[in-house]
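Peer 1: The residues making up each chain are set out below.
2 protein chains.
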Amino acid sequence: MFSMPGTTCSDSTCYQLMQKGRLSTTKERLPLKHFTTNTDQCGSEILAEAENHEVKVKHKVTESSKMRCPVFYICFLLCLCLGLACVFCVCLWFNRWNGGFAWDGSELQFNWHPVLMVSGLVVVYGIGAVVYRIPLTWRQNKLPWKLLHAALMLLALILSIIGLQAVFYVHNAKGIPPLYSLHSWVGIAATALFATQWAVGMAGFLLPCSPMSLRKLLKPVHVWLGGSILLLSTAACISGINEKLFFSLKGNTTGSQPYSQLPPEALFANSLGVLIIAFSMVVLKILSNQQWQHPDSRPEDTAYTPLFQEEN
Amino acid sequence: MFSMPGTTCSDSTCYQLMQKGRLSTTKERLPLKHFTTNTDQCGSEILAEAENHEVKVKHKVTESSKMRCPVFYICFLLCLCLGLACVFCVCLWFNRWNGGFAWDGSELQFNWHPVLMVSGLVVVYGIGAVVYRIPLTWRQNKLPWKLLHAALMLLALILSIIGLQAVFYVHNAKGIPPLYSLHSWVGIAATALFATQWAVGMAGFLLPCSPMSLRKLLKPVHVWLGGSILLLSTAACISGINEKLFFSLKGNTTGSQPYSQLPPEALFANSLGVLIIAFSMVVLKILSNQQWQHPDSRPEDTAYTPLFQEEN
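In the order they appear, the protein sequences are chains W and V.
For the first sequence, the positions run 1 to 312 when the working numbering is used.
For the second sequence, the positions run 313 to 624 when the working numbering is used.
Some hints could be false.
[Stated by the list, open to error] Below, simulated DSSO-like cross-link-like pairs (lysine-lysine); rule was C-alpha separation at most 30 Å, straight line: (1) K219(W) x K531(V); (2) K250(W) x K486(V); (3) K454(V) x K528(V).
Don't read these hints as lab results, they were simulated from the structure.
Can you build the whole structure from these sequences, using the hints too?
Peer 2: Here you go:
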């Protein structure tokens, strides 16, 4: 027997099932259409059928978990590897072909811009978005994982802001007008949206005083904006790499091969773009798979657990 | 009483409920934990409680539909308006500031490239992706909507391929190497992925001989790649507009204002980029909302309806 919280559980089968905690822990809901309930059928028969179904559900959940978790962890590992590869490649590109890094208003200060934007707005942001989906965390207290999610997002935001500061500083020092290219419009929009998302997310999901109704309202918007920021940041990075290569590899003025001849720098930076796209696709894979959503966030779960009410 | 397809329905209440088709049409599943079933409680009591709960569910479904549908249709209308605005603006940009259109290997033939790529790979693609989510279609035969989805995607693919052909033709005529920029890599990857997605989707979801197990396996990959193609096509368009403006608005060579001074053309084309981003975000909003998914595509729906088995 499966009972609703607050109702009594009066027979031993119920007790055994409750003790085993099969359904309460997995939060599995049994669709009623799987049961026949007519006026000649008493509770004991229904119970037997329910138990039979429950065994099938347990089998399904176990099978599903067997199938699901390794694929999740492969995707998560791929996400981490691609993220590290992105950061490594963007650092190598500006260190090897563009003179390294400094903070003095020169071209070398500009080099911090792509490194910090790719690291913050793409890599740390993407990892921060998927960390909350790790199945291992589903049975644990949500708070530490929410805090980790918020902390990673804050780190990503700080890196992005410093990255923007680097380019504003250089533009200012060289008298170049700021924010004229479409790349800069998309990049600034991504960072502004991200800052808003972080502040609203913090107030809505972490402050104990925020009402449950607000959280329920915010949740789908938070998920949608999360994906949108990834879209914007990827578009900003791709257009930024493209723009930088057209600026750097003019061929005739610098003596180096032009971009159209695909010299080693161009090939390397284009490959960095491919890595960023691959990273974003893996993040999107994890975010789009509804089977990997935290059980409390699934649409069929009508109950919403406020952070500081049930868990702490 | 709510019965499983294939089981008998033996009392009048069941019959009335089935006749009203409340649950079978909405495919609403009642979580079992909302019911108390103990050995002292017979079917009639359970039935009364189930009916009571069903009334609440119906109320919830009605309330939910009231809330949900207008928001969906607002988003859908916004999607159509933004899509039309994107097509209008990209045509106007190349007609007013770049000499119009031709198919003769000149710059005028190049102008078809952005028009066809924005129209095909972004606008028609995005509308094709969300058309299957229209709630009005949920109670109807799925086949015409699947065919419309496939037809719009085919149109999008044809437009994109002609758009690519335009730029390859011009590059060939002018001796410019093809496929060197990151923009071109991302654009070609988006189109190749889209062509593969269309062919596999066609074979997997529309051919009557494709097994149900294959469809179940394909579905999450199809959804994920659908979102990924949108990500790639948006990134390709943003980087393409950015690149085109840097090429066209050099200032010193053409006598026109440089891009950095944001002349009217630059402001207009940047705004087109913002429209494309807004369009993609609205498409993402519709795709990411699980409440707007076709009921047969929701993860909690364990039954999978093959196209040519139950419907036709």
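Peer 1: Each of the hints needs a verdict: does it hold here or not?
Peer 2: Here is what the structure says about each hint:
1. K219(W) x K531(V): Distance ~25 Å between K219(W) and K531(V) Cα, so the pair holds.
2. K250(W) x K486(V): Satisfied, since the Cα-Cα distance of roughly 18 Å is no more than 30 Å.
3. K454(V) x K528(V): With a Cα-Cα distance of about 16 Å, the restraint between K454(V) and K528(V) holds, given a limit of 30 Å.
Hint compliance for this structure: every hint is met.
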